[in-house]
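*Asks:* As they're listed, the protein sequences go chains S and E. Under the numbering used here, the first residue of the first sequence carries the number 15, and numbering increases by one thereafter. Under the numbering used here, the first residue of the second sequence carries the number 15, and numbering increases by one thereafter.
Calculated directly from the structure, the hints in this document are not laboratory data. Yeah, the Cβ is synthetic: ideal placement off N, Cα and C, and Gly gets one too. Among these hints, one or two may not hold up.
[Stated by the list, open to error] Part of the chain S face toward chain E, derived, beta carbon under 8 Å:
(1) Leu190
(2) Tyr191
(3) Glu193
(4) Ala203
(5) Arg222
(6) Lys225
(7) Ser228
(8) Val229
(9) Met230
(10) Phe237
(11) Met310
Number of protein chains: 2
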Amino acid sequence: MIENPYYSQELHGPWQTWSAGSFELEDGGNIPDLQLAYVQHGKLNRRKDNAILIPTWYSGTSKVMEQLYIGKGRALDPAKYCIIVVNQIGSGISSSPHNTPPPWNMAKFPRVRIADDVRAQHKLLTEHFKIKSLALVVGGSMGAQQVYEWAVRYPELVRRAAPIAGYAKNTDHDFLYGEILREAITSDAGWNDGWYKDHREVHAGLRRHAKIWSVMGLCPDFFASESWRAFGCTSLQDFQVGFMEGLFTQMDPNDLLCMVWKWQRGDVSRNTGGDLRAALKRISAKTFVMPIDTDMFFTVADCKREQKLIKDSQLRIIKSGGGHFGLFGFEAEYHEQIDRHLGELLSSKVSD
Amino acid sequence: MIENPYYSQELHGPWQTWSAGSFELEDGGNIPDLQLAYVQHGKLNRRKDNAILIPTWYSGTSKVMEQLYIGKGRALDPAKYCIIVVNQIGSGISSSPHNTPPPWNMAKFPRVRIADDVRAQHKLLTEHFKIKSLALVVGGSMGAQQVYEWAVRYPELVRRAAPIAGYAKNTDHDFLYGEILREAITSDAGWNDGWYKDHREVHAGLRRHAKIWSVMGLCPDFFASESWRAFGCTSLQDFQVGFMEGLFTQMDPNDLLCMVWKWQRGDVSRNTGGDLRAALKRISAKTFVMPIDTDMFFTVADCKREQKLIKDSQLRIIKSGGGHFGLFGFEAEYHEQIDRHLGELLSSKVSD
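Required output: the full structure, derived from the provided sequences and hints.
*Replies:* Next comes the structure, spelled out in structure tokens:
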């Protein structure tokens, strides 16, 4: 276990933790005492049918969802819904390489798949909250991968689904993107096969990783229009070093790579022997597929291919000048679109 | 000087070399004996007004232009034109870090700018060939950067210009792209601050660099449609390792980084005290600006912004499923478009 003040209640809390006990993993092995960190906004009604689940994205925690997506008067309104945000395994807050006791810590943390997160979340929702039906599962990026896995794996529980900027089955291009992120970190001598003593020993690799995110995570127009000003930055360097490197160098390298590995292999067709068409056919949720128009790795074209295979689905393209980082909601128009689509989805009738 | 069989007459020749003598550089200092490697296709007519200049792109040589862009019956027809392809400084064939004698070799090779290439090419064309007017300057990627510099710096010499997939002034986004390419190589311990004994000592960095090219140099649809089959590859791995790593691991790291540095800083507004509008206003050539629609770093939007500032110009968007690597001409439709646009440009009347 490594001390890292970034993953603190002060910065990302308050959160609750729930133990899923010894948790068997898709690829074999288990996490001895799987801790899920979650946050609940709003109350479960008597019929327990007003729950919304939000899984988290890469390197983000429940805090960013709370700050950017949930609020009174918004589509995800805690006055109406019981909104449960569950931090993914490897997030640094739920069980992760850096916070797991030896011998399963760091580089020895087992391989975790999107399906493991979804199965653990299912345990939390059904065993702890006694929820039998979800009004909506919504998430962005790796959150969207979990949304798809939920809708395919537990169709009877998911009444509505909103994957924002993510795929049901990851693409070859996006897999390669994960590779260059991984290599940016593992090429740092400080990485030491994952056995660094402090994440700051890997700061050069984390900085490279942050720079790759700037190139692929935003989009050319973001830089052409100097939209980094919306992040409070005063120059390109201030955005790259002050914001991007400032953000990612606080994080744990093993935690990030645990998530990268999962993200690269997100694939609902593992439920149907590799048949993506059959997997997506299982989805009974009313589904809004919401790619971001300028996203460089979760593209509209690839999202659309999947959307067409989902029965009760619509393609709702989100306009943003921020590429994938549109998810960070630095544009007022972004929130307006998200709230409009999610509001419409939530108010649409679906069979129980 | 380092032995590297990749940069041989067998693989990239036959070429001629011409010495520009001691050549002073934009950023100060000089190359003691600047060697320019060039190839001539077709003959100069009596009026010396049928010359076409092609500068080369990043990591490419005159050979790829010969194989893909020049040919009898094509727009760039050696039966009609005297086509001169000049390998850029740092290409590995003209003066470059790996083939320059000590003490100016390797990491001590001076910083070279796009404008240095263009001034050296100008010397070759006016002093050696006695050319006073160019029918066309055309090039892709870094070749396009040189085309722009030619049209701004020597407007009286350039009758027509065709920058394909490149900018007159590089963007912040593309600058960052250059940074991650550079860091992929310099993060390799074998790089040794540029003082490796054999380029193979840096193969891990060159492989990372090749993988970043796969992510940014192609485009998501290239992978979705498995267009690597057009490169003769049988799988994603065969494309990534067999083609991409196979190609880039043969090259010299210092040569590549010499070109990256130049590419990142390509900027015609250096001729006009930073005023891009004034620089592009200097262009008198009839200009076809030809971005590739799926290019992830030389985007249509950014190319269009520049095109609008050029008097006698048109935007001719090239459709390709290969992103920036559309330049490699693996699609028949690509060549058809290039030949159609360049043919129209070459047959259009311009004032001498």
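*Asks:* Could you run down the list of hints and mark each one as holding or not?
*Replies:* Taking the hints in turn, this is what the structure says about them:
With a cut of 8 Å, the hint placing Leu190 (chain S) at the interface with chain E holds, because the nearest CB-to-CB distance is about 5 Å. Annotation: interface hint on Tyr191 (chain S) holds; nearest CB of chain E at approximately 5 Å, less than 8 Å. With a cut of 8 Å, the hint placing Glu193 (chain S) at the interface with chain E holds, because the nearest CB-to-CB distance is about 6 Å. Taking 8 Å as the C-beta cut-off, the interface hint given for Ala203 (chain S) holds, the closest approach to chain E being about 7 Å.
Below 8 Å, beta-carbon pairs count as interface contacts, and Arg222 (chain S) has one with chain E at about 5 Å; its hint therefore holds. The criterion of a C-beta within 8 Å of any C-beta in chain E is met by Lys225 (chain S), whose closest approach is roughly 5 Å, and the hint holds. For Ser228 (chain S), the shortest C-beta to C-beta distance to chain E is roughly 5 Å, which falls under 8 Å, so the interface hint holds. Of the supplied interface hints, the one on Val229 (chain S) holds, with its beta-carbon coming within about 5 Å of a beta-carbon of chain E, less than 8 Å.
For the restraint placing Met230 (chain S) at the interface with chain E, the shortest Cβ-Cβ distance is roughly 7 Å, inside the 8 Å limit, so the hint holds. The interface hint given for Phe237 (chain S) is met, as the beta carbon of that residue sits about 4 Å from the closest beta carbon of chain E, less than 8 Å. Annotation: Met310 (chain S) was flagged as interfacial toward chain E, and the flag holds, the nearest CB pair being 6 Å apart, inside 8 Å.
Hint compliance for this structure: every hint is met.
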